[in-house]
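This is what each chain is made of:
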Amino acid sequence: MKKKTNKNKKLDNFAFQELYNRRKAITFTLTLFIVSIYVAYILIDAFNRELLARKISGGITLGIYIGIGIIIIGWITTGIYVWWANNKYDSLLDRIKRTTGGHS
Amino acid sequence: MSTTSLGQVNSISISFFFIFVAATLFITYWASKKSHTTSEFYAAGHGISGFQNGLALSGDFMSAASFLGIAGMVALSGYDGLIYSVGWLVGWPVVLFLIAEPLRNLGKYTYADVVAYRLSKRPVRSAAAVGSIVTVLFYLLAQMVGAGTLIKLVFGLPYEVAIILVGSIMLAYVLFGGMLATTWVQIIKAALLLGGATVLAIWTLYHYGFHFGNLINEAQIQYGIDFLLPGGLVKNPLDTISLGLALMFGTAGLPHILMRFYTVPNSKEARKSVFYATGFIGFFYILTFILGFGAAVIVGKAAIQTIDQGGNMAALLLAEVLGGQVFLGYLAAVAFATILAVVAGLTLAGASAVSHDLYAGVFKQGIINEKKELRVAKISTLSLGIVAIVLGILFKGQNIAFMVGLAFAIAASANFPALLLSIYWKKFTTQGAVASMITGLGLAIILIFLSPTIWVDVLHHSRALFPLKNPGLFSMAGSFLVGILVSRFTHDLQAEEKFAEETVRSCIGGV
Chain A
0 MKKKTNKNKK LDNFAFQELY NRRKAITFTL TLFIVSIYVA YILIDAFNRE
50 LLARKISGGI TLGIYIGIGI IIIGWITTGI YVWWANNKYD SLLDRIKRTT
100 GGHS
Chain B
0 MSTTSLGQVN SISISFFFIF VAATLFITYW ASKKSHTTSE FYAAGHGISG
50 FQNGLALSGD FMSAASFLGI AGMVALSGYD GLIYSVGWLV GWPVVLFLIA
100 EPLRNLGKYT YADVVAYRLS KRPVRSAAAV GSIVTVLFYL LAQMVGAGTL
150 IKLVFGLPYE VAIILVGSIM LAYVLFGGML ATTWVQIIKA ALLLGGATVL
200 AIWTLYHYGF HFGNLINEAQ IQYGIDFLLP GGLVKNPLDT ISLGLALMFG
250 TAGLPHILMR FYTVPNSKEA RKSVFYATGF IGFFYILTFI LGFGAAVIVG
300 KAAIQTIDQG GNMAALLLAE VLGGQVFLGY LAAVAFATIL AVVAGLTLAG
350 ASAVSHDLYA GVFKQGIINE KKELRVAKIS TLSLGIVAIV LGILFKGQNI
400 AFMVGLAFAI AASANFPALL LSIYWKKFTT QGAVASMITG LGLAIILIFL
450 SPTIWVDVLH HSRALFPLKN PGLFSMAGSF LVGILVSRFT HDLQAEEKFA
500 EETVRSCIGG V
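Chains as they are written, first to last, in numbering that gives the first Met the number 0: chain A, 0 to 103; chain B, 0 to 510.
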């Protein structure tokens, strides 16, 4: 009997595993994206101060735009992920759950 | 600016504060009727919405230190304050991407639930509980000492009285109202703080024709171009990156933040709550940047430093100059409320590590009587509250600025690596988890002791034995390395077998 449920599981798990891997690829990529932006920002702060001093518009320097920009990018990235996960990902997951009869 | 009413007994701020305390105690009374089970006490019965939890998370994160400290830092060193803020913020996307969902789906009340999911419960829970408690204690101590100093400065109350007052009101929230009261205190405080800071920022910009650039030009005229550029903070980029990583991954390992994800009903709401929290916190940091510049230009660096060397009073002084006694009174009361709310959240997280992880998980090995566990949770809360009051008084006048940084470094090194590996790495073993947590905790504490922050600034040696101010980079790397190496040399068959099940559960919940 154990073998049978295992076989069932394997079939269901294939779709699940694929979806799980896709989510993991997305979340790990996004994490890497945020971490690299941050590290790049610190490196620019440390090694290219002059660049940040450049005035862009009406007194506001590039450095201020970049700093505030990263804060906003961080927020938008969470928004994009939450939108994808709460709509696309969750409904795909629900479909897999339904085909396996509520438990996988 | 020559006169300020800061430091005198201010009847307006005391009135505002009384209104806040009365309102929150009323909420606590309401919450106490819904706080009879462990699920209600630890997790507000999982009945908080994503938006509410987002506000509460931002409330947990916007401590008095970040409100007053970052505004002060911008006021005194200009651009450097923004670099700090960016580091504090970018941890939130990481929490969302790596931790929030599996945490919500795999655990019940604490992050130790997740680390121990497929590993041997007793050793893992013990180590994770120690990590939680140490993180909470350092954070709590920093908040208490900050609270005493701040309240003395703002209200003119004696330091000890302020500490006992904060400790007692906070205990009332947590003991009687549990997580539900704590969450609502956090929500109210976050709304008051965001509202107050927004009004102050708009008021500041109003004086510059709503052109942020004009304010910046004025700052440049007064303090030179260096005020608009990275300065002391990035003299040593490795140090800044180390600090940044500690802030980033520490956020994903702070017990009182992680515990909040259990207050929402499911992973959908958990995700939403991070989105809202990141938005509120980011908005708040942009506001504090404006306030810092406003304070530097309108109040002046010299005037700020005569009140407090560290610049912590910058935002309050700005409020007084622009809005007079009433606005100062309001913001001072909000700063007080902020401390109360953060301390309450921390105490609840620390108490749950004692009662849920140590008592129920380790001592009773999971065979629990809910009534008993709840009683132990309340006794732990009370004990932790008393410890916080006593430590707060003992550390009066000590240089404790490093303690929040240390709490973050410990969270990033002791808690975060084990949590991450337990969720995503099949071959992670019990021995690996325990070794990783102990290494992270030990390294973070030893390295910060040998670093300039304690070795030079507190112990007054001439040269630090470890060059970086924040050990985050090395203690976290050490913790990951030891966790991975030990797991490679040990076998945990049960853990490997349960990995597939854990993965499924981490997605669909139902634990």
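Honestly, the hints are just simulated from the structure, not real lab data. A few of these clues could be false.
Here are some chain B residues pointing at chain A (derived, C-beta under 8 angstroms) [as the list claims (entries may be wrong)]: (1) 93; (2) 107; (3) 205; (4) 209; (5) 229; (6) 236; (7) 239; (8) 240; (9) 243; (10) 458; (11) 459; (12) 461; (13) 464; (14) 465; (15) 507.
In this text the structure is predicted, and so the values were computed from the model without any measurement. Built from N, CA and C at the ideal position, the CB exists for glycine as well.
Results of checking the hints against the structure:
1. Checking residue 93/B against chain A: minimum C-beta separation of about 6 angstroms stays under 8 angstroms; hint holds.
2. Interface hint at residue 107/B: violated, since its Cβ lies 20 angstroms from the closest Cβ of chain A, which is beyond the 8 angstroms cut-off.
3. A distance limit of 8 angstroms between C-beta atoms decides the matter here; for residue 205/B the minimum to chain A is near 16 angstroms, and the interface restraint is violated.
4. The beta carbon of residue 209/B is not positioned within 8 angstroms of any beta carbon in chain A (closest approach about 11 angstroms), and the interface hint is therefore violated.
5. With a least beta-carbon distance of about 4 angstroms to chain A, the hint placing residue 229/B at the interface is held under the 8 angstroms criterion.
6. Interface restraint check for residue 236/B: the shortest CB-CB distance to chain A comes to about 4 angstroms, inside 8 angstroms, so the restraint holds.
7. Because the beta carbon of residue 239/B sits about 5 angstroms from the nearest beta carbon in chain A, less than 8 angstroms, this interface hint is met.
8. Because the beta carbon of residue 240/B sits about 5 angstroms from the nearest beta carbon in chain A, less than 8 angstroms, this interface hint is met.
9. Restraint check, residue 243/B versus chain A: the minimum CB separation of about 6 angstroms is within 8 angstroms; hint holds.
10. At its closest, the beta carbon of residue 458/B sits 28 angstroms from a beta carbon of chain A; the interface hint therefore is violated under the 8 angstroms criterion.
11. Checking residue 459/B against chain A by beta carbon gives a least distance of about 29 angstroms; that is not within 8 angstroms, so the hint is violated.
12. Because the closest C-beta pair between residue 461/B and chain A is about 26 angstroms apart, greater than 8 angstroms, the hint is violated.
13. Interface restraint check: residue 464/B against chain A, minimum CB-CB distance 24 angstroms, threshold 8 angstroms, status violated.
14. The interface hint given for residue 465/B is broken, as the beta carbon of that residue sits about 20 angstroms from the closest beta carbon of chain A, more than 8 angstroms.
15. A hinted interface residue such as residue 507/B counts as satisfied when its beta carbon comes closer than 8 angstroms to some beta carbon of chain A; here the least separation is about 6 angstroms, so the hint holds.
Checked against the numbered hints given earlier, this structure breaks hints 2, 3, 4, 10, 11, 12, 13 and 14; the rest are met.
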